[in-house]
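Full structure from sequences and hints, please.
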Amino acid sequence: MSGVRVLVGTRKGAFILTSDGKRDDWTVDGPHFGGWEIYHLTGSPVEPDRLYASQSGGWFGQLIQRSDDGGRNWTTVGNDFAYSGEVGQHLWYDGTPRPWEFKRIWHLEPSRHDPDTVYAGGEDAALYLSTDGGQKWSELTALRQHPTGPSWQPGAGGMCLHTIILDAADRDRIYVAISAAGAFRSDDGGASWLPINKGLRSGEIPDTDSEVGHCVHRLAQHPSRPDTLFMQKHWDVMRTDDAGGNWREISGDLPTDFGFPIAVHAHEPETVYVVPITSDSLHYPPEGKLRVYRSRTGGEHWEPLTEGLPQSHCYVNVLRDAMAVDTLDPCGIYFGTTGGQVYHSADGGDTWAPIVRDLPGVLSVEVQVLP
Amino acid sequence: MIRVVLPAHLKNLAHVTGEVRVEVAGPPTQREVLDALEAAYPMQLGTIRDRHSGKRRPFVRFYACELDLSNESPDEPLPEEVVKGKEPFIVLGAMAGG
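From first to last, the protein sequence lines are chains X and L.
Using this note's numbering, the first residue of the first sequence is number 1, and each one after it goes up by one.
Using this note's numbering, the first residue of the second sequence is number 372, and each one after it goes up by one.
What the hints contain is simulated information worked out from the structure, not anything from laboratory work.
Check before you lean on any hint, since a few could be wrong.
[Said to hold, decoys possible] Heads up, simulated DSS-like pairs for lysine-lysine below, C-alpha to C-alpha not over 30 Å straight-line:
1. L:Lys382 to X:Lys12
2. X:Lys103 to L:Lys457
3. L:Lys457 to X:Lys136
4. X:Lys136 to L:Lys382
5. L:Lys426 to L:Lys457
[Said to hold, decoys possible] Negatives, chain L to chain X, calculated, CB over 12 Å:
6. Arg374
7. Asn383
8. Gly389
9. Glu390
10. Val395
11. Glu403
12. Arg428
13. Phe430
14. Leu438
15. Asn442
16. Glu443
17. Glu452
18. Glu458
[Stated by the list, open to error] Chain X side only, calculated, beta carbon under 10 Å to chain L, not exhaustive:
19. Trp26
20. Thr27
21. Gly30
22. Phe33
23. Gln55
24. Gly61
25. Gly78
Quick caveat: nothing in here was measured; it's all calculated off a predicted structure.
Using N, Cα and C, we set each Cβ at its ideal position, and we do this for glycine too.
If you want it as structure tokens, here you go:
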């Protein structure tokens, strides 16, 4: 029977949760790198025991860890994240120009084809590539040097490149999202970039349908429909069916369309999950009820999923990288909260149970199905 | 040999439990000691000093002989007691509370 490994990054270390394919009984292993912020922990799609972790902290900076045995042993690999060429400037919070300055890696995205190839999204926004298992990193400079770059401005969480999607069909196509610059697409492996924000409207910026400046929180793609992307924006849930050429809002009957993560069912490309959060100033669920919302119609019509989730006095948040789906049948859904709970559903979201309740605040959740 | 005390996180990173000892070629200075430390334990690169500017990270402190050497020039000779191995060169994370 298949096994499942859930990779959890938290504010105080990494945890690895394992179960068999039934997903009833779980083993919790960790903390790895106790005391460090693990913004992201993820595995190679082609070699599942190859894991990468982004380890950082305010005292000692950024490190990258790699495991070749599913997380039992780790090796510190490269952490030389430099801005190549002219560093340039972007807008600071007060509207003045400010040089790009590296702070941390938010997201790691291993290649779909090669375990030694991995992309990294940084703050201040930049995209890095390693082709030797994380030992050496080089910046794909065309993104940061896009003509709109000098007008990019950080959101409250920093100017972070937090989402990287390596297209399921086209090896040269990459999508990224940056807070608060927006979404971008490359069709040539990162050599050039196109802002793909047409149709987004953001009340937080003076020109509400500007080419850039939108606070995109997360993108999701189903591999069988690579031209369809779903987006949780600061406010608004959106979709595109032409690879970002045009976006339309699908918030429909959600109780609020503010939120962070968004995920697509592994076997149903029109089934989408979000976790509505009260507002930009109240980062907790409406009415203190933790509800995942599922749309089986590709948006517009949403149903609350509550069985097994706390329905009173719940004031946690679910961060952008903290939701994932497995590829078993029925599809498993997983998410972690800022309160340290990791919940899972082994039936597509109908029922939920905590795997673990008292971890440090969860920053990221990924899941692997093991042979 | 220069004795170096690392903070807990960096000891874990280097897979060491106690003090580490490093040999420096020239007159022992902060820079020479940290260069030798990073050569012996490459996973420390970037954790104590910025990889590009070489500057001490803001929340890292250097102490020795009951003195705060954090803001001394990295090329100043270290105290004689450190050079002779009688006292360690201490790297630590700045206090943070709340």
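Now for the hints, and whether the structure bears them out:
1. For the suggested pair L:Lys382 and X:Lys12, the alpha carbons sit about 17 Å apart, so the restraint of at most 30 Å is met.
2. Of the supplied pair hints, the one linking X:Lys103 and L:Lys457 is violated, its CA atoms being roughly 38 Å apart against a limit of 30 Å.
3. At most 30 Å may separate the alpha-carbon atoms for a hinted pair to count; L:Lys457 and X:Lys136 exceed this at roughly 39 Å.
4. Only pairs whose Cα atoms come within 30 Å are accepted, and X:Lys136 paired with L:Lys382 is accepted, the gap being roughly 23 Å.
5. Taken as a hint, the L:Lys426 and L:Lys457 pair is honoured in the structure, with Cα atoms around 27 Å apart against an allowance of 30 Å.
6. With a cut of 12 Å on Cβ distances, L:Arg374 stays outside the contact zone with chain X, its closest approach being about 20 Å.
7. Against the 12 Å criterion, L:Asn383 falls within the reach of chain X, whose nearest CB is about 8 Å from its own CB.
8. With a least CB separation of 19 Å from chain X, L:Gly389 remains clear of the 12 Å interface cut-off, as annotated.
9. Interface exclusion of L:Glu390 from chain X stands, the closest Cβ pair being 18 Å apart, more than 12 Å.
10. With a least CB separation of 22 Å from chain X, L:Val395 remains clear of the 12 Å interface cut-off, as annotated.
11. Every Cβ of chain X is farther than 12 Å from the Cβ of L:Glu403; the closest lies at roughly 21 Å, confirming the non-interface assignment.
12. The non-interface label for L:Arg428 is inconsistent with chain X: the shortest C-beta to C-beta separation is roughly 6 Å, within 12 Å.
13. L:Phe430, annotated as away from the interface, has a beta carbon of chain X within 12 Å; the closest lies near 4 Å.
14. Non-interface status of L:Leu438 relative to chain X is upheld: no Cβ of that chain comes within 12 Å, the nearest being about 21 Å off.
15. The Cβ of L:Asn442 lies farther than 12 Å from every Cβ of chain X, with a closest approach of about 17 Å, so its non-interface assignment holds.
16. The Cβ of L:Glu443 lies farther than 12 Å from every Cβ of chain X, with a closest approach of about 20 Å, so its non-interface assignment holds.
17. The claim that L:Glu452 is not at the interface with chain X holds, since no C-beta of that chain comes within 12 Å of its own (minimum 26 Å).
18. The Cβ of L:Glu458 lies farther than 12 Å from every Cβ of chain X, with a closest approach of about 23 Å, so its non-interface assignment holds.
19. Interface restraint check: X:Trp26 against chain L, minimum CB-CB distance 26 Å, threshold 10 Å, status violated.
20. This hint is violated: X:Thr27 has a C-beta 23 Å from the nearest C-beta of chain L, more than the 10 Å allowed.
21. With its C-beta approaching chain L no nearer than about 14 Å, X:Gly30 sits outside the 10 Å limit, and its interface hint is violated.
22. Here the hint on X:Phe33 is kept, as its CB sits about 8 Å from the closest CB of chain L, short of 10 Å.
23. Look at X:Gln55: its Cβ gets to within about 9 Å of chain L, closer than 10 Å, so that hint holds up.
24. Restraint check, X:Gly61 versus chain L: the minimum CB separation of about 5 Å is within 10 Å; hint holds.
25. At about 9 Å, the closest approach between the beta carbon of X:Gly78 and any beta carbon in chain L falls short of 10 Å, and the interface hint on this residue holds.
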